[in-house]
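Can you build the whole structure from these sequences, using the hints too?
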Amino acid sequence: MELLVSELSVEQEQPVQPRVPLEPEEFARLYEEHSRAIYYLALRFLGDPQKAEDATHDVFLKVYRKFNEFRGESSLRTWLYRITINHCHNLRQSWQNRNLVTTADESVWENTAGPAESPLRVLETKELGERIQKALDGLSAEYRLLLLLVADAELSYDEIAELTKQSADAVRGKLHRARKAFAVLFQQTA
Amino acid sequence: MKRQTKHSSQEQEQLSEVGAQQTSPLEFASAKELLQHDAGQTVVPPEIAERLARSIQNEPKPARSWWRRFLDR
Numbered sequence: 006m007e008l009l010v011s012e013l014s015v016e017q018e019q020p021v022q023p024r025v026p027l028e029p030e031e032f033a034r035l036y037e038e039h040s041r042a043i044y045y046l047a048l049r050f051l052g053d054p055q056k057a058e059d060a061t062h063d064v065f066l067k068v069y070r071k072f073n074e075f076r077g078e079s080s081l082r083t084w085l086y087r088i089t090i091n092h093c094h095n096l097r098q099s100w101q102n103r104n105l106v107t108t109a110d111e112s113v114w115e116n117t118a119g120p121a122e123s124p125l126r127v128l129e130t131k132e133l134g135e136r137i138q139k140a141l142d143g144l145s146a147e148y149r150l151l152l153l154l155v156a157d158a159e160l161s162y163d164e165i166a167e168l169t170k171q172s173a174d175a176v177r178g179k180l181h182r183a184r185k186a187f188a189v190l191f192q193q194t195a
Numbered sequence: 295m296k297r298q299t300k301h302s303s304q305e306q307e308q309l310s311e312v313g314a315q316q317t318s319p320l321e322f323a324s325a326k327e328l329l330q331h332d333a334g335q336t337v338v339p340p341e342i343a344e345r346l347a348r349s350i351q352n353e354p355k356p357a358r359s360w361w362r363r364f365l366d367r
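From first to last, the protein sequence lines stand for chains A and B.
Here the numbering used here is used: the first residue of the first sequence is 6, the next is one more, and so on.
Here the numbering used here is used: the first residue of the second sequence is 295, the next is one more, and so on.
No lab work stands behind these hints: they were computed from the structure.
Heads up, some of the hints might be wrong.
Taking CB as the label site, the calculated pair distances span [unchecked claim]:
(1) B:E344 - A:Y162: 17 to 27 angstroms
(2) A:A173 - B:S349: 34 to 44 angstroms
(3) A:S80 - B:K355: 23 to 33 angstroms
Beta carbons: idealized from backbone N, C-alpha and C, even for Gly.
So, in structure tokens, the structure goes:
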């Protein structure tokens, strides 16, 4: 048993080799696989298709430049999300500094009786995106981000916790309130 | 032979069923399901890949590693 533990600790202490720069074909495959998730997060988090386009371009360019810094300690998707979240936060921060963004007050939803777990019905799919955006815009940036991350089936609660720098339990608690708030806001957009 | 211009009550019933199906609401069990549907419908604008290709062309070429320089001699 001791041997096993010491073998494991030796294994963990081995330095992780940095990756070599991406070949164009590899980068194209990476873009193909992850661009929709990254664009979607930027689109719904920023709420502006043009800004989401710019953000997606900038994120992937950063990925191309910094790929040799990816050490494989997290999944590639998580790494891409981290870059995207930082980029979007920086953008929102600069808008806030110019007073272009108002932050929603989370405490509003604490005692709201809302259809947290009841089904969300949609009659007209044509304007569904607009309704979703309107509902998300009514949430705080943190709730919005949590809802968008948890919608990605590839991410675990632990990965979301790591990305948002909090415990998985905190993520679960906040997600419960975020879902409730979203459901209320979504029904209001009908 | 006289052409039938009106639907029989049975046909009308069938049509109204079809109409009801067409307008029946989509139902999502949760916000997660709704957002997953939304993400699935989202199309990444092709302009991003085009811009990216142009930007990468303008990037400086990475320096060759020592072993590649060695092998290319």
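Evaluation of the provided hints:
1. At about 37 angstroms, the beta-carbon gap between E344 (chain B) and Y162 (chain A) misses the expected band of 17 to 27 angstroms.
2. Checked against the given bound of 34 to 44 angstroms, the beta carbons of A173 (chain A) and S349 (chain B), roughly 37 angstroms apart, stay inside it.
3. Distance hint for S80 (chain A) and K355 (chain B): a CB-CB separation of about 29 angstroms, consistent with the stated range 23 to 33 angstroms.
In this structure, the one hint that does not hold is number 1.
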